[in-house]
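Novice: Sequence:
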Amino acid sequence: MARTLGLDLGPNSIGWALIDDKTNTIIATGVRIFQEGVAHLNEGDREEPWNQQRRDARGARVNNARYRHRRNQLKEILIRAGLMPDSRNGQDSFFMLDPYEMRRKGLDEKLPPHEFGRALFHINQHRGFKSNRKTDTSEDSKIFKGTGGKTGITATAEAIEASGSRTLGEFLARLEPHQEQRRNRYTLRQMYADEFDQLWNVQARHRPTVLTDGLKEKIRDIIFYQRPLKSQKHTIGYCTLEPSKRRAPTSSPTFQTYRILEQVNRLTVTVGKRISEPLTPEERAQLVAYLNGRKVAEFDKIKKALNLSADTHFNLEDQKKLKGNRTRSDLVKVFGKKQWAEKTDSEGHKIWHTLQFADDPEWLATFAKNKWGLGAEQVKKLLK
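Residue numbers for the sequence shown follow this note's numbering, so the first one is 1 and each next one is one higher.
If you are wondering where the hints come from, they were derived from the structure by calculation, not from laboratory data.
FRET-style restraints, in silico, Cβ to Cβ:
| hint | residue 1 | residue 2 | range |
| --- | --- | --- | --- |
| 1 | G164 | K381 | 29 to 35 Å |
| 2 | K233 | R71 | 29 to 35 Å |
| 3 | K381 | A65 | 37 to 43 Å |
| 4 | Y225 | T366 | 17 to 23 Å |
| 5 | P49 | R207 | 50 to 56 Å |
| 6 | R71 | V31 | 52 to 58 Å |
| 7 | R294 | T254 | 15 to 21 Å |
| 8 | A376 | H349 | 21 to 27 Å |
Computed cross-link-like contacts, DSSO-like style, restricted to lysine-lysine with a CA-CA straight-line distance of at most 30 Å:
| hint | residue 1 | residue 2 |
| --- | --- | --- |
| 9 | K384 | K337 |
| 10 | K333 | K323 |
| 11 | K333 | K381 |
| 12 | K369 | K384 |
| 13 | K145 | K384 |
| 14 | K371 | K130 |
| 15 | K343 | K380 |
| 16 | K320 | K304 |
| 17 | K304 | K333 |
| 18 | K230 | K369 |
The C-beta atom is built at its ideal place from N, Cα and C for all residues, glycine as well.
Can you make the complete structure from the sequences, with help from the hints?
Specialist: Dropping the structure here:
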């Protein structure tokens, strides 16, 4: 007996009907209703997973716990060094001090131990999050331009220079808080690190036996330590052709070469007596070399490069262009054509590998200068 099952699939329900094809009658119908997989938010049609709020709350708890742990570590070492009172009443007076004034005065004069400790404690409170190299830290990003009424990094840096201030703390101390906000602005972790070094160097000249290099390193490590991001290499799938190896990133020189060859292999030419013919060995070699030297290539330029007439038709022309070697093109802009041409394929692959897996821009800048001999402008391009 022939029967037809009809299903109506919805986001939180499944409706069904069973029909007898012979008598053309409905045997049974029904519906199963279940909870949606997402929650609808009030702002328009925005949706989020049900566990989003729980995950956000857990993340906030973890961050707060880590901050408190770092703060308690700093308190302990400041108290042992005599830079912070250990009594409750003494700490109440300690936190009543104006930290901005301490950060300004500490650049020029000897501070009492507790005032210097207050400046260090304040830097710890506002040191912020240090973005890794893979995040959007370009000068066109929101944190540099400013957003939502928050002053951007670029404007703050320009204001510091225009005011003649040596550090961020000195600049903020000079602001009139009733006229211009000291906070509500994006800043760089490096601004606080530079200020810490300047403050410590000045105060250490007055108390060399207390403010030793060893104590400086301990306090600096506590204030500016940040847990490294967890590696996500284990989430990369395995290659279908070599199951024991992970898939290569699209920026890999190996993949870039593979993509060029794959496109060239699929390309056919129609012109004159040639009807959907593959490229000749000479044309293949010319096109591979041409694509290897640029990010993309339009078909009009490809025809000129292969000495083909303008009425030539390629089977892939609906794509309008072919993809070239983007990784090589970007690296040539950094190193220069002459310097890059002197490098072997193995050296080029090592340079790409370093760029792909280096997360710390400061380490990468130093490495590029010492290992690859790049200048300041070249390093700036490299980091982008």
